[in-house]
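Using the sequences and the hints, build the whole thing.
Residue strings, one per chain:
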Amino acid sequence: MRDIAVVAYHQSDCLASAGASNEVELIMPVLRQVFDQVGLHNAQDVDFVCSGSCDYLQGAAFAFVAGVDALGAVPPIRESHVEMDAAWALYESILKIRMGHADSALIYGFAKSSPGELPIVLSQQLDPYYLAPLWVDTVSLAALQARLMLDKGAITEADMAAVVARSRRNALGNPRAQLAGEVSVEELLAEETYVSPLRRHDCCPVSDGAAAMIIATVEQAERWGKPYARITGIDHRIESHNLGLRDLCDSVSTRRAAAAAGVADGAVDVAELYAPFSHQEIILSRALALGESTAINPSGGVLAGNLMMASGLSRVGEVFRRIVEGEAGRGVAHATSGPCLQHNLVAVLEAA
Amino acid sequence: MSDDAVTGIEAPIYLQYQFTAGRAPARFLQRLKAGQLTGQRCPGCSQVYIPPRGACPACGIATEEEVVLSDKATVQSFTIVYIPIPGNPIEPPYIVANLVPDGANISFIHLLSDCVNDEVHIGQRVRAVWKDASEWDYSMDNIQYFKPIDEPDVPVAQIGKLPVSGWGAGA
Amino acid sequence: MSPADPLTQDFELGFTYTRSTGPVVGRFLTGLRERRIEGVRASDGRVIVPPMEYDPDTAAALEDFVEVGQEGELVSWCWVSEPRAAHPFERPFAWGMIRLDGADVPMVHCIAADSEQDLVTGARVRASWVDEPRGHISDIRCFELVEGGAS
Chain A
1 MRDIAVVAYH
11 QSDCLASAGA
21 SNEVELIMPV
31 LRQVFDQVGL
41 HNAQDVDFVC
51 SGSCDYLQGA
61 AFAFVAGVDA
71 LGAVPPIRES
81 HVEMDAAWAL
91 YESILKIRMG
101 HADSALIYGF
111 AKSSPGELPI
121 VLSQQLDPYY
131 LAPLWVDTVS
141 LAALQARLML
151 DKGAITEADM
161 AAVVARSRRN
171 ALGNPRAQLA
181 GEVSVEELLA
191 EETYVSPLRR
201 HDCCPVSDGA
211 AAMIIATVEQ
221 AERWGKPYAR
231 ITGIDHRIES
241 HNLGLRDLCD
251 SVSTRRAAAA
261 AGVADGAVDV
271 AELYAPFSHQ
281 EIILSRALAL
291 GESTAINPSG
301 GVLAGNLMMA
311 SGLSRVGEVF
321 RRIVEGEAGR
331 GVAHATSGPC
341 LQHNLVAVLE
351 AA
Chain B
1 MSDDAVTGIE
11 APIYLQYQFT
21 AGRAPARFLQ
31 RLKAGQLTGQ
41 RCPGCSQVYI
51 PPRGACPACG
61 IATEEEVVLS
71 DKATVQSFTI
81 VYIPIPGNPI
91 EPPYIVANLV
101 PDGANISFIH
111 LLSDCVNDEV
121 HIGQRVRAVW
131 KDASEWDYSM
141 DNIQYFKPID
151 EPDVPVAQIG
161 KLPVSGWGAG
171 A
Chain C
1 MSPADPLTQD
11 FELGFTYTRS
21 TGPVVGRFLT
31 GLRERRIEGV
41 RASDGRVIVP
51 PMEYDPDTAA
61 ALEDFVEVGQ
71 EGELVSWCWV
81 SEPRAAHPFE
91 RPFAWGMIRL
101 DGADVPMVHC
111 IAADSEQDLV
121 TGARVRASWV
131 DEPRGHISDI
141 RCFELVEGGA
151 S
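Protein chains in written order, with the UniProt record's numbering: chain A, 1 to 352; chain B, 1 to 171; chain C, 1 to 151.
To be clear, the hints were calculated from the coordinates, so they are not data collected in a lab.
No incorrect hints appear here.
Calculated pairs, SDA-like style, for lysine to any residue (alpha carbon to alpha carbon, straight line, at most 20 Å):
id	chain 1	residue 1	chain 2	residue 2
1	A	Lys152	C	Val75
2	B	Lys147	B	Tyr94
3	A	Lys152	C	Glu73
4	B	Lys33	C	Thr8
Now the in silico label distances, taken between C-beta atoms and shown as ranges:
id	chain 1	residue 1	chain 2	residue 2	range
5	B	Lys147	A	Ala61	26 to 34 Å
6	A	Ala16	B	Ala5	43 to 51 Å
7	C	Arg36	A	Ala61	38 to 46 Å
8	C	Asp10	B	Gly44	33 to 41 Å
9	A	Arg200	B	Thr79	52 to 60 Å
10	B	Lys147	C	Ala85	40 to 48 Å
11	A	Pro175	C	Asp131	52 to 60 Å
A virtual CB, placed ideally from N, CA and C, is assigned to each residue, including glycine.
The structure is reproduced here in structure tokens:
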């Protein structure tokens with residue numbers, strides 16, 4: 001099997017609103033960054049391009065097609081798209097390379113969630129007969145999950161606040177973050193509930209922005225002569241759409257994906273987890289069996305800024321960045337999709 | 001109410017958004033409100049795009065330079081629509097055309113009218129018929145339609161390559 | 001307007017979909033029209049409400065329908081103090097996971113209550129029906145607390 005190297009990554013600032021920028025104007029600067037990191041001109045210089053986005057976020061039909069304007073797709077390129085987080089575009093790209101159909105790939109995801117009401121937009125991805133017609137929003141579903149955990153004694157509200165406090169503190173070192181600062185567990189617990197038992201800070205913010213990555217075979221990465229990290233394992237699993245059938249206090253799909261990706265085959269120095277709600281970070285840490293020796297979400301994670309459809313790719317990128325900068329030797333990246341951590345992707349990255 | 005078993009449900013989905021035009025389209029629309037067509041030039045291949053989206057789709061690089069275009073244009077392609085389109089108030093038959101304004105390299109779509117339908121042809125020279133300036137908005141509707149003008153046809157190979165100064169007798 | 005000002009426009013994106021229900025969802029919705037709540041028995045004996053077409057473990061087609069009670073137990077709930085425009089209530093309300101009597105798998109629906117303090121996990125709730133059920137999940141207007149019903 002061909003080894004995969006992450007060679008370049010960039011993420012835009014997480015902005016509460018990107019204002020006037022359209023999808024092309026969001027994507028173009030992050031693409032320029034990753035092309036420059038490798039010394040490439042445009043998408044003609046990679047073998048495959050795959051993006052992740054959801055047109056419903058901004059209510060613009062075929063926005064993902066308009067996004068192709070950012071690529072330099074003349075003459076025509078090999079291009080694909082997933083109506084999912086770009087972490088799954090990474091997965092498709094890895095398959096493409098492993099099958100021998102490409103030696104390199106550009107992956108990007110973009111989010112412009114601010115024009116709509118994101119939790120309501122996402123309600124329409126639920127069961128179309130039993131849930132979507134009720135307009136159950138995603139924050140409320142996460143709140144149902146949090147209460148199950150609290151009632152069971154699996155977590156306390158202070159545990160949740162501690163996740164938020166660490167996220168905000170870590171985000172002080174992340175210039176791309178939307179929410180950062182020193183805040184104590186006591187201060188957080190003193191705030192009112194929002195959708196009880198969740199407080200506003202337990203929920204990730206809505207952010208606009210984009211992220212991009214370039215991957216290649218290890219041989220191609222060596223030819224480019226750029227520092228890289230190897231993806232040694234990646235897998236994704238999905239659970240039932242029926243929330244009542246799932247054990248919402250655990251993430252079985254994350255456990256299975258982690259086992260298949262080989263998370264336990266070595267020490268985990270760093271983990272970037274896509275946990276849109278504070279209690280979900282605890283579920284994921286447990287499902288991945290992460291211990292004291294793992295730095296969890298040193299970027300602040302998505303509680304500090306959530307680029308819907310790009311944050312999963314960013315988790316991989318954040319782990320890559322820490323490995324090539326020498327801060328970590330081995331790390332785990334996680335991406336999620338669907339309500340209450342329904343669908344989970346786990347990747348293991350290691351130093352070259 | 002029917003006693004028959006339920007076989008379907010209505011599932012209306014209505015979502016509210018605040019659309020933003022994008023930086024480049026916003027500048028285009030602001031100039032359009034002032035009665036001017038503008039494009040953007042690619043710093044790489046020099047192609048001028050209308051309406052601009054902020055990027056050269058051929059080169060994949062950002063476009064910044066704004067170029068004022070003529071409201072004279074050349075027919076690159078056209079079709080005569082004979083069927084009524086739901087929601088479209090225009091009476092068929094009418095002509096929808098790909099038009100390249102002088103100074104641009106890419107066509108946009110608009111109506112062609114005030115003409116003999118059977119005589120419309122590729123390479124034909126046309127000009128914008130603007131609404132009264134008091135009605136101008138951030139909309140291509142500021143131009144009611146394009147109509148033929150008395151200028152020589154542009155050879156197919158030259159369509160999309162005219163300077164903003166146009167296709168005069170000396171060209 | 002300066003060139004830097006964004007041009008914005010409010011708009012509504014609408015899809016007037018109709019969806020085919022198939023025999024399983026259709027039977028459930030037909031039941032709702034008659035103010036009955038039906039589930040389906042899975043291969044391991046669990047009763048799933050609302051019913052699913054296929055067994056979650058074996059993928060076998062499910063057709064053993066079971067009528068369940070109109071009362072049940074609150075398994076989890078959240079309090080929506082600021083309802084959104086799309087929500088079924090304009091005043092504060094709760095979403096709940098409700099395990100109906102005779103069912104094993106909880107369902108998600110909305111719960112009417114005067115205040116958050118009235119709700120407790122394990123509380124007994126009862127389906128409240130709209131005046132003219134039409135065969136739709138919202139025929140159950142909401143669930144309401146059963147007086148003195150805390151379990």
